[in-house]
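**Student:** Letter by letter, the chains look like this.
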Amino acid sequence: MANGKPVIVRFYRFKNRLKEKTAGLNPSGKVSLSAEAMEEAEKALSKMSEDYPDWVSGLVGKMQEQHGRCVDTPESRKECFEEIARIAHDMKGQGGTFGYPLITAFSDSLYGFTQIKGDIEDAVVELVKAHIDAMRAVIRGRVAGSGGDIGKSLTEGLNEAIAKYST
Amino acid sequence: MSNYDFDRVSVLLVDDSPFIRSLIANSLKVLGVGNVYAVEHGGDAITFLQRVKNEPMKVGCQQIDIIVSNWDMHPIDGMMFLRWVRRHKDSPDRFVPFVMITSYTEPDRVMQAREMGVTEMLAKPFTVKSVGEKLVSIIERPRQFVHTKDYFGPDRRRQAIQMPDGRDRRVLTDKSEGVEIIRG
Chain A
1 MANGKPVIVR FYRFKNRLKE KTAGLNPSGK VSLSAEAMEE AEKALSKMSE
51 DYPDWVSGLV GKMQEQHGRC VDTPESRKEC FEEIARIAHD MKGQGGTFGY
101 PLITAFSDSL YGFTQIKGDI EDAVVELVKA HIDAMRAVIR GRVAGSGGDI
151 GKSLTEGLNE AIAKYST
Chain B
1 MSNYDFDRVS VLLVDDSPFI RSLIANSLKV LGVGNVYAVE HGGDAITFLQ
51 RVKNEPMKVG CQQIDIIVSN WDMHPIDGMM FLRWVRRHKD SPDRFVPFVM
101 ITSYTEPDRV MQAREMGVTE MLAKPFTVKS VGEKLVSIIE RPRQFVHTKD
151 YFGPDRRRQA IQMPDGRDRR VLTDKSEGVE IIRG
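If you read the protein sequences in the order shown, they are chains A and B.
Each residue of the first sequence is one higher than the one before, starting from 1 at the first, in full-length UniProt numbering.
Each residue of the second sequence is one higher than the one before, starting from 1 at the first, in full-length UniProt numbering.
It is worth saying that the hints were derived from the structure and are not from the lab.
Be aware that a few hints might be false.
[Stated by the list, open to error] Calculated cross-link-like contacts (lysine-lysine; reagent style DSBU-like; alpha-carbon spacing at most 30 Å):
#	chain 1	residue 1	chain 2	residue 2
1	A	K47	B	K29
2	A	K5	B	K53
3	B	K129	A	K15
4	B	K134	A	K47
5	A	K19	B	K134
6	A	K5	A	K15
7	B	K89	A	K30
8	B	K53	A	K15
9	A	K30	B	K129
10	A	K21	B	K58
Here chain B stands alone, though its shape is the one from the complex:
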């Protein structure tokens, strides 16, 4: 069995706590992530992503592969940043995997992030192991993206769930009218 080689991977890390920022950046680097760009809050992160889009040579980065962001930050928090990444016309990559770090683990908060198109949630307090597991999950279990009139983001269903009577709860299938599949 071989090991992941994260050398060509670029991660944007967004956290306003210098201590946590340094911990995650350090952990990612030790795990072999080639480029970790760390900024303080959502506003800085948006500026950074715009720079990557407009002047990649200057930044030294063509593309951010994964975003890891805290939720609770000032003045632009993680949810506002996620909204920008998924929905704004200037977003350089609306499909980028987005890991939200949070102490808010109440179900309605998790639901809120899910509805905004988060890829993974990392609950605080976290361990190095849980950071590693999220990386693996992003790589090994990527989900299709879904775009409807109310939602854009990773498929909120991770599994094909069937009703006890064997019916599929999903109303639309790939062959249904009004379903478009885009491959790339």
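Next comes chain A alone, as it looks inside the complex:
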């Protein structure tokens, strides 16, 4: 600073170049997203959503492999759970975007059960299986949205399994 006093805070105030770049000849006026473009983008998303069940079944398959390892080699459960947690976390973020909120809900629940610090008991491994089975059912039945009665019964079935193995 000119007076030699130490600077405590600097505020950087720049021209809005991004607005100038995107608002064309009218940078100070009212500009909006093109409604047609938004509609096109929504359509593109719906089209991708058609492929989502096939894609996500690959991830569920990977979790199933990890579950198999948990059963066959109990000493490697910790690493398997880390991998399952990673996949569940990814799936949690995707399901709802593609119209499968049940996948998001089940992944969220599964992710919670994978956050174990100590020893991993057989009952928790069974809980992982219950989640994988519920997800498979959602994908196989293309249970989009809340899934109506099927969705309700899948959620109830999973909750029963959670109650059974959590006690």
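Dock chain B against chain A, hints included.
**Tutor:** Positioned in the frame of chain A, the structure of chain B alone reads:
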């Protein structure tokens, strides 16, 4: 009322999920974004930004206008990448708007990203509409950048908040000693 023209805008998209990457890239292109560069994780993103800085002609891009990055990636995650963008001496643009995509919406996580200088958070599962809204927010409501001894990033206050008794909670004003304002 006119529409935004994103044709001259360049976005760097960082996500390790090919499906989500393709969804966001596709949505941005349909919304009219001229250049979308998609990479897999923070390490690739850093390499890409360094290339843009050192050999823009070769990359075909002078500058990245917006970064959209997932948080949870391996081996370099979104937070490490954000830290590099905001603080590293090799960062080509420490002021670039940075949108963090995340399933972690717990308040302490959001706080962590805010303290690291994130511009916007996009919570998963997201919609095309929410992607569009973040773009609009970045363009219409840019914030001044603040540099103190503990923080560098967009002003964490979006509004001028006053205490109920009318006092301004902010201790320093533009005229205070120790405040420097840089315009550009």
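**Student:** For every hint, state whether the structure bears it out.
**Tutor:** Right, here's what the structure says about each hint:
The hinted pair formed by A:K47 and B:K29 meets the criterion: a straight-line CA distance of about 15 Å does not exceed 30 Å. For the proposed pair A:K5 and B:K53, the alpha carbon gap of about 34 Å is over 30 Å, so the pair is violated. Of the pairs offered as hints, the one joining B:K129 and A:K15 holds, with about 27 Å between alpha carbons and a cut-off of 30 Å not exceeded. Restraint check: the Cα-Cα separation between B:K134 and A:K47 comes to about 23 Å, which is no more than 30 Å; the hinted pair holds.
With a C-alpha separation of about 14 Å, the suggested pair A:K19 and B:K134 falls inside the 30 Å cut-off, and the hint holds. Under the criterion of a C-alpha separation no larger than 30 Å, the hint pairing A:K5 with A:K15 is consistent with the structure, at around 27 Å. Between B:K89 and A:K30 the alpha-carbon distance is near 37 Å, which puts this suggested pair outside the 30 Å criterion. The straight-line distance between the Cα atoms of B:K53 and A:K15 is roughly 22 Å, inside the 30 Å bound, and the hint therefore holds.
Distance hint between A:K30 and B:K129 is fulfilled; the C-alpha atoms sit about 19 Å from each other, no more than 30 Å. Among the hinted pairs, A:K21 with B:K58 is consistent with the structure: their alpha-carbon atoms are about 23 Å apart, no more than 30 Å.
Violated hints, listed in ascending order, are 2, 7; each of the other numbered hints is respected by the structure.
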